[in-house]
Amino acid sequence: MNRMFSIGLIASFVLSALAHYTGIASATVQFIISCIAIVFVAGFLGKATESVAHYAGERLGGFLNATFGNAAELIIAIFLVKDGMFDIVKASITGSIIGNLLLVLGLSLFLGGLKYKEQHFNVKLASHNGSLMTLAVIALFVPAAFAKSLTNFETSNLSVLVACILIAAYLLWLYFSMVTHKNELSDEAVEHGEPAWSKKASILFLIIATAMVAFTSEWLVGTLETITHQFGLSELFVGAFLIAIIGNAAEHSAAVMMARKNKIGAAVEIAVGSSLQIALFVAPVLVLVSLLFGKTMNIVFSTFELVAIGVSVIIAKSISQDGTTNWYEGVLLLVVYCILGIAFFLV
Amino acid sequence: MNRMFSIGLIASFVLSALAHYTGIASATVQFIISCIAIVFVAGFLGKATESVAHYAGERLGGFLNATFGNAAELIIAIFLVKDGMFDIVKASITGSIIGNLLLVLGLSLFLGGLKYKEQHFNVKLASHNGSLMTLAVIALFVPAAFAKSLTNFETSNLSVLVACILIAAYLLWLYFSMVTHKNELSDEAVEHGEPAWSKKASILFLIIATAMVAFTSEWLVGTLETITHQFGLSELFVGAFLIAIIGNAAEHSAAVMMARKNKIGAAVEIAVGSSLQIALFVAPVLVLVSLLFGKTMNIVFSTFELVAIGVSVIIAKSISQDGTTNWYEGVLLLVVYCILGIAFFLV
Amino acid sequence: MNRMFSIGLIASFVLSALAHYTGIASATVQFIISCIAIVFVAGFLGKATESVAHYAGERLGGFLNATFGNAAELIIAIFLVKDGMFDIVKASITGSIIGNLLLVLGLSLFLGGLKYKEQHFNVKLASHNGSLMTLAVIALFVPAAFAKSLTNFETSNLSVLVACILIAAYLLWLYFSMVTHKNELSDEAVEHGEPAWSKKASILFLIIATAMVAFTSEWLVGTLETITHQFGLSELFVGAFLIAIIGNAAEHSAAVMMARKNKIGAAVEIAVGSSLQIALFVAPVLVLVSLLFGKTMNIVFSTFELVAIGVSVIIAKSISQDGTTNWYEGVLLLVVYCILGIAFFLV
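Residue numbers (the working numbering), protein chains in the order written: chain B, 1 to 347; chain S, 1001 to 1347; chain A, 2001 to 2347.
Be a bit skeptical, because a hint or two may be false.
Computed, partial: chain S to chain A, Cβ under 7 angstroms [stated by the list, open to error]: (1) Gly1130; (2) Ile1138; (3) Ala1145; (4) Leu1150; (5) Ser1156; (6) Ile1165; (7) Leu1171; (8) Phe1176; (9) Ala1214; (10) Glu1218.
Lysine-lysine pairs mimicking DSSO-like chemistry, simulated, CA-CA at most 27 angstroms apart [claimed, not checked]: (11) S/Lys1295 x S/Lys1148; (12) B/Lys82 x B/Lys182; (13) A/Lys2124 x B/Lys261; (14) A/Lys2082 x A/Lys2182; (15) S/Lys1261 x S/Lys1117; (16) A/Lys2148 x S/Lys1148; (17) A/Lys2148 x A/Lys2295; (18) S/Lys1182 x A/Lys2117; (19) B/Lys124 x B/Lys82; (20) B/Lys124 x S/Lys1117; (21) S/Lys1124 x A/Lys2124; (22) S/Lys1295 x S/Lys1082; (23) A/Lys2117 x S/Lys1124; (24) A/Lys2115 x A/Lys2261; (25) B/Lys182 x S/Lys1261; (26) A/Lys2124 x B/Lys148; (27) S/Lys1182 x S/Lys1261; (28) S/Lys1182 x A/Lys2261; (29) A/Lys2124 x B/Lys115; (30) A/Lys2182 x A/Lys2261; (31) S/Lys1148 x S/Lys1082; (32) B/Lys261 x A/Lys2182; (33) S/Lys1115 x B/Lys182; (34) A/Lys2124 x B/Lys124; (35) S/Lys1124 x A/Lys2261; (36) S/Lys1182 x A/Lys2295; (37) B/Lys124 x S/Lys1115; (38) B/Lys261 x B/Lys148; (39) S/Lys1124 x A/Lys2295; (40) S/Lys1117 x B/Lys182.
These are computed hints drawn from the structure, not numbers from a lab.
Note that this is a predicted model, so its numbers are computed, not measured.
Yeah, the Cβ is synthetic: ideal placement off N, Cα and C, and Gly gets one too.
Put together the whole structure using the sequences plus the hints.
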């Protein structure tokens, strides 16, 4: 962790705390500061997770990375669930999925493609990723299609059951891709390098980083309602575009960096892997978490959200299925992201 | 045909007849007995068809197998059509399609994949099967999309025309896959072995088996209404899950057996071939049969049914398009089947 | 340009003018004559464009061909936009897309496949075409999904923005396929042969042909309303089937001719390329053109039209993604065209 990052991390976190507790800054300023702080603390959490994963050994480490890679989003969302802001939670889940599939992947393919004429990645992994993305869309689409004919109670039951099935499917996928079919699916690994810290420091930093993400998330969520009203933005747009872009800033830079190093396989793994994790793990876990807070968040997404997730998966699958990428495929993904962004902004 | 099977066949058929005609058993008992009887007589009909097909020579035999492979389902459905129970007919067509694509195929890939790391089948056949499944979904989806703006009379006309077109497409497909492009599409053939009976006996057994299926179907259908009410099950769930699983029991065991012998191509042919046959041949034939009974059954399926068929085809196509299978792909299919099962049960 | 064609061109154009200005012919006769004239003048315009493109050099020529290949449809549509007949414009856009993807491509594969057992084309181009067709469907589907929750003003804004994005994407596609990745995507080129005319004559003929198309289109459009009422046809059916078939007559014959010469790659390029151009260039340009006439045509297509375009793209993509074609794949496309034709006729 270089010096600049440390200073940025501490400064933005402290400023954000001051703004929140003293209340001297306007909601807008609070919002901006906590956005900046989120980017830093999410980056810090990512590094700490990676470092702990390194010491945990390959298999458990892979699991940790895969499961806590979106810890920041998960924590932000838990605070939103606690406050009963289910709509904004679903919007931010939607935004994370489409942000990873369209913006992160699109920028990676585009910027990587400007440097290299064609880039290649493991076609078998692409095919499995495609099928898993398809499962994710189906799992979100079926409850929505049936919800109109169900009572609230039945919808809750359906949501909890689907959530459990998805978590089971996700754990089996980890077992499949990390144990039984590890070699078939391996690609250029995401470069982790040597960890910067000792084992003890890594665990300590993981705990500290998690706490920092938790606090900053709470402060950010606190400003959302004011911001949304003040600028006349819909919750849908704020959740699906603003929060999602902020929460995924770390993935953005990592994936693009990989693509520019001609490691497009690693970039795809970050972008697609992350969106799969959100859909198949984070979303269902949030449904189960909401049970603990006493009011079940159902898994029924709005038509707009389903359209956004559906078209993102369709275009990403169409582009990635041949295992070859180029700059124009990045353009296609970014074009769809723009169209969705405009539609969400206007609605 | 081994001794145990013969005894089971005769015993279950006689018991089912007794239960129906004497009326001493409750509806539930009648239902259970005739379910068991259906499994046996469907198996008997399958064997008799295979045996006659053997003597008919390769080409006509292939045609017989392909066209009468789902004779049991067809006969059950004709009795339902005669009684005007169109909703349950459509539900059982839906159930047959998704049962074959998700449950039969899913179990085959899963159990085959536990034994063999990767299994392969003809990728060209997979691609054609995928396009045909796509046609099936389109042919069911278009009438449903237009039906709201059509009168009943126009919907009937549309249904009859679409039915004729689908039957023509199916016959051309048989011609294509069995005559003009036989070699390109051949895979490990489904093992038939030597027929157990002489030519005359085979024909006689085919007639007897058909009659037995017809009777048992009528008895089973007779109990459905009572059962549905008694257990508070929806017609949709009974048709799409109970009847479909019972009617396809023979395919289930055959496909799984093939997969365990590493003949995954044959398992896919049974599962996918069967669902194609239901969608492109059985369903349209039932529309035309309903004309004979004086009241046209239209081809407009409910939203739930279309969702179920649509997502089944999408996930099956996504999984089968690379011609390679493994246990996790089986899990994906079974997961979608579970989600649909829960949704249909609750609705 | 052979003698027969010249005579047909002049005769049909003069007759059509007479019928329109003297008014002695009934609307039906006027309609039939101008349909015939359209086929000739569209063919003339196509040849003139090709000839000018030849002199313009490879790159600019390719651009001209790609951009003005559908000039006839564009001109017809502009006259319809001027008269505010937005519904029939959208119907004819729909019809052009599905006509090219299903009828032109279907006939080419079918008739080519009767002569050659298997025909092959560049699988990389097929994959890119598939992704672009997917983008086209998404770009039409998203505004329709969101339009219900938008005001007319917001829908207009969304339409204009989406139109600009699509035109940008289309221009980048031309740059990609003609400059940066020309060699990867090249296939058997569409045969153009030596131009029949000198450079000056070519430019003169291009201007004359454009004017002739413009006049004939206006005469044809003038008869539409009468025809529609007289035969009880819906605008949807007239626009999506009659006008589309007439406007694409030149592509039909060219593509089928290529397929019969075993140049299936060229046939696919004509059919798929043409439908992409309609969706990604002609349709958005018409939205911008409508701005000039003072009343914005939005980009929101009806459910029926979206269903038709959606299923066409899905089946065409499913069939073309392996780069191999045969007669039965042609049948599948034609079957879907028939089903859609019947549904549009009845609705």
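Structure versus earlier hints - violations, ascending order: Going through the list in order, the structure violates hints 5, 7, 9, 10, 12, 14, 19, 26, 36, 38 and 39 and respects the others.
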